[in-house]
Amino acid sequence: MNVITLAHGAGGKETERIIKSLFLNYRIRKVNSGIGLDAFDDGSTIPFGGKHVVVSSDSYTVDPVFFPGGNIGKLAAVGSINDVAVMGAIPIAALDNIVVEEGFSYNQLREIVNSMLEVFEKENIALLGGDFKVMPRGKIDKIVISTTVIGIADSIITDSGARPGDYVIVSGTVGDHGAVITAIQSGIEAEIGDLKSDCAPVTRIIQIAKKIGEIHAAKDITRGGLAMALNEIAEKSRVSMIIEEEMIPLKEEVIGLSELLGIDPLILASEGKVVLIVDRERAEEVVKSLRREGFNEASIIGEVKEGKPGFVILRSSFGGLRLLDKPIGEITPRIC
Amino acid sequence: MNISRRIIREFRDKNKALKLAEKIRNLAKKLNDEIKIMHVCGTHEHTVTYYGIRSLLPENVKIIAGPGCPVCITPAKEVDEVILLAKKGYRIFTYGDMYKVPGTRESLAIAKAKGADIVIVYGFYDALRLSKDGKKSVFFAVGFETTAPTVAPHIVNRAIPKNLYLYISYRLTVPAVDWMLSKGMHNLQGIIAPGHVSAIVGSEAWRFIPEKYDIPAVVAGFEPLDVLLGVYYILEMNLNGKPGLVNEYSRVVRPEGNVKAKEYMGKAFDIVDGLWRGIGIIPKSRLVLKDEYSDYDIKKHEDIEVNDSIDIKPGCLCGAINLGMAEPTDCPYFGKSCTPEHPIGPCMVSMEGTCFIWYKFGGYRIIEEMKRIAEG
Numbered sequence: 001m002n003v004i005t006l007a008h009g010a011g012g013k014e015t016e017r018i019i020k021s022l023f024l025n026y027r028i029r030k031v032n033s034g035i036g037l038d039a040f041d042d043g044s045t046i047p048f049g050g051k052h053v054v055v056s057s058d059s060y061t062v063d064p065v066f067f068p069g070g071n072i073g074k075l076a077a078v079g080s081i082n083d084v085a086v087m088g089a090i091p092i093a094a095l096d097n098i099v100v101e102e103g104f105s106y107n108q109l110r111e112i113v114n115s116m117l118e119v120f121e122k123e124n125i126a127l128l129g130g131d132f133k134v135m136p137r138g139k140i141d142k143i144v145i146s147t148t149v150i151g152i153a154d155s156i157i158t159d160s161g162a163r164p165g166d167y168v169i170v171s172g173t174v175g176d177h178g179a180v181i182t183a184i185q186s187g188i189e190a191e192i193g194d195l196k197s198d199c200a201p202v203t204r205i206i207q208i209a210k211k212i213g214e215i216h217a218a219k220d221i222t223r224g225g226l227a228m229a230l231n232e233i234a235e236k237s238r239v240s241m242i243i244e245e246e247m248i249p250l251k252e253e254v255i256g257l258s259e260l261l262g263i264d265p266l267i268l269a270s271e272g273k274v275v276l277i278v279d280r281e282r283a284e285e286v287v288k289s290l291r292r293e294g295f296n297e298a299s300i301i302g303e304v305k306e307g308k309p310g311f312v313i314l315r316s317s318f319g320g321l322r323l324l325d326k327p328i329g330e331i332t333p334r335i336c
Numbered sequence: 001m002n003i004s005r006r007i008i009r010e011f012r013d014k015n016k017a018l019k020l021a022e023k024i025r026n027l028a029k030k031l032n033d034e035i036k037i038m039h040v041c042g043t044h045e046h047t048v049t050y051y052g053i054r055s056l057l058p059e060n061v062k063i064i065a066g067p068g069c070p071v072c073i074t075p076a077k078e079v080d081e082v083i084l085l086a087k088k089g090y091r092i093f094t095y096g097d098m099y100k101v102p103g104t105r106e107s108l109a110i111a112k113a114k115g116a117d118i119v120i121v122y123g124f125y126d127a128l129r130l131s132k133d134g135k136k137s138v139f140f141a142v143g144f145e146t147t148a149p150t151v152a153p154h155i156v157n158r159a160i161p162k163n164l165y166l167y168i169s170y171r172l173t174v175p176a177v178d179w180m181l182s183k184g185m186h187n188l189q190g191i192i193a194p195g196h197v198s199a200i201v202g203s204e205a206w207r208f209i210p211e212k213y214d215i216p217a218v219v220a221g222f223e224p225l226d227v228l229l230g231v232y233y234i235l236e237m238n239l240n241g242k243p244g245l246v247n248e249y250s251r252v253v254r255p256e257g258n259v260k261a262k263e264y265m266g267k268a269f270d271i272v273d274g275l276w277r278g279i280g281i282i283p284k285s286r287l288v289l290k291d292e293y294s295d296y297d298i299k300k301h302e303d304i305e306v307n308d309s310i311d312i313k314p315g316c317l318c319g320a321i322n323l324g325m326a327e328p329t330d331c332p333y334f335g336k337s338c339t340p341e342h343p344i345g346p347c348m349v350s351m352e353g354t355c356f357i358w359y360k361f362g363g364y365r366i367i368e369e370m371k372r373i374a375e376g
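Which chain is which? The protein sequence lines are S and F, in order. Numbering follows the numbering used here, with no gaps: position 71 of the first sequence is 71. Numbering follows the numbering used here, with no gaps: position 158 of the second sequence is 158.
What the hints contain is simulated information worked out from the structure, not anything from laboratory work. No experiment lies behind these values; they were computed from the predicted model shown. Errors might be hidden in some of the hints.
Stated by the list, open to error - Selected chain F positions facing chain S (in silico; Cβ < 8 Å):
| hint | residue |
| --- | --- |
| 1 | Leu18 |
| 2 | Leu20 |
| 3 | Thr49 |
| 4 | Tyr50 |
| 5 | Ala113 |
| 6 | Lys114 |
| 7 | Pro314 |
| 8 | Lys360 |
| 9 | Tyr364 |
| 10 | Arg365 |
| 11 | Lys371 |
Claimed, not checked - Straight line, CA to CA, 16 Å or less: simulated EDC-like cross-link-like pairs of lysine to aspartate or glutamate:
| hint | chain 1 | residue 1 | chain 2 | residue 2 |
| --- | --- | --- | --- | --- |
| 12 | F | Lys88 | F | Glu368 |
| 13 | F | Lys371 | S | Glu244 |
| 14 | F | Lys183 | F | Asp214 |
| 15 | S | Lys308 | F | Glu368 |
| 16 | S | Lys308 | F | Glu375 |
| 17 | F | Lys371 | S | Glu303 |
| 18 | F | Lys371 | S | Glu306 |
As the list claims (entries may be wrong) - Pair ranges (Cβ atoms, derived):
| hint | chain 1 | residue 1 | chain 2 | residue 2 | range |
| --- | --- | --- | --- | --- | --- |
| 19 | F | Pro283 | S | Leu260 | 35 to 45 Å |
| 20 | S | Glu281 | F | Val119 | 49 to 59 Å |
| 21 | F | Asp126 | S | Gly49 | 51 to 61 Å |
| 22 | F | Glu59 | S | Lys51 | 31 to 41 Å |
Built from N, CA and C at the ideal position, the CB exists for glycine as well.
The shape of chain S in the complex, shown without the other chains (with noise of 0.2 Å):
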């Protein structure tokens, strides 16, 4: 490759190439036995203490800044709680980095730093520091925010602990952000009716789950959506899956608007769902006490196989088996 892309920023294969191409010769890629940077995985752990302190940390950047159901600033905290609470850690403390435009203007900053605040309160994570800087108009699009968020976990779950014979849970339904987003970029706002982004943390989600147990792998669902997430798990674990797309859930105007986008409803991000790989005498159990507590649309969706490393077959809802593969580059529309 000689120049970037916006496809290697778009979460799919290119990222992963080009982080891997940048990144894996560095030596020192994790502290004893944790978990670090060879991974890939959605944090970091270093044992301490005979637990497990869970880091990670991400930038964002969305245009809109503000879209139904949220901001950059919550997507900002959300995002990385988010990455630390699948590793199976309770999210503790946070530090952020806001780099803004010049000529940004600063009620909707305030807007953006009290939504961040607001949902950093609201799960008890204490805002060490941080930095914020102004960068000359034109040399940065409105505003990036970097958040690094650190929690504590008993036990680690990882993204590629699924065996064979488990069952694939999702929380909720998928691809509710990504709509939102989507369609806004493309012009169609007046479609996205009363749809919002699914922007939430999912500490208790996971909290819930761990309680009955037998957890071999989660993910949260996020660019690349419930396929990306999905791919990832098969392909760490080295195993197959086979996913019923009638018992995914979707709402209605998620469908719709893929539909008018052309665009596979399940390549669409979610800001607050993840993938469980429960064992499956769990599984039931996990989707019983996840609804109880208001996760109404948690399901059981698919099963973890024995076979190729990776390998994702759809069962589609017309009844026919395809391949869910992980999404490629940027999402483009079809020419008819």
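Starting from the known structure of chain S, fit chain F onto it as the hints suggest.
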């Protein structure tokens, strides 16, 4: 629920699909020979593979993909020339799936990353709207009979701003299918005609398939049940020994098509012989602007002739795959050195390209493996 939502639900109904698949299996048993059905539309290939239709069909009924991906058959020379225009400072409006198709050296996406002004649009209206800023721009007008009528009225009515030029690259599917069948390259027992194209040209435009070539033809829509019904009608006609033309997509396609659209196309364009990427010259298959509208033609304003373009790289089977003479899994590069991130040929780039669709969703040999795992 609105009407379109209701249609979607009805035409993706699993119970209806499974019942129809059962009927198809019964018909297929009576027809011992292999029934090879070709469609000529990238969106049909998408429907077939995305909904796993091949996995529902009996072994002796095969669906193959013909030349139906507009951006796959757009010659590299035309991509190269549009990139040259971008380098000369024109803003380029393009459809999303043309964006990533490689020319000889690079794609529009790469040109954009290097600084060219390339804008993805849904249609010509976006280009018209965005051109109001007065910047010198070019609309890369690719596609079949489906996209040409979206531009033709603006040409005829002279409703295109002075700063927006056209690079016309339209191809016609009807003469392409006729040419392909006249060559007798495939032993086909049925053709599924493209629904979108037929909405413009009319179902009668395909009458020549049963009459001239004795092959049953069905104009089909793009929901999975549309395609399954198409397969069913073709098997039925084969069993009766009476090849005819069925319009399954009558909710959209009229026998005469869209008369107004055809009229505008006739006024705006002349039909000439055209090169199809990886296939060759197909007689009377390309549209060019009529002389009286040549002021819109960017090629009349800029010298952008590129003469060293390469359509298909050595070893790449895209040409044969575009023609339905080979399957993606026949290609030694498929899924190995040729992937959507590093495509060797255009069929691996576009969402309507057969290689891309098979790589993403699975074709024949991949289906066998999926069945083994799913049922194991």
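Violated hints, by number in ascending order, as checked against the structure = Hints 2, 7, 9, 10, 12 and 22 not satisfied by this model.
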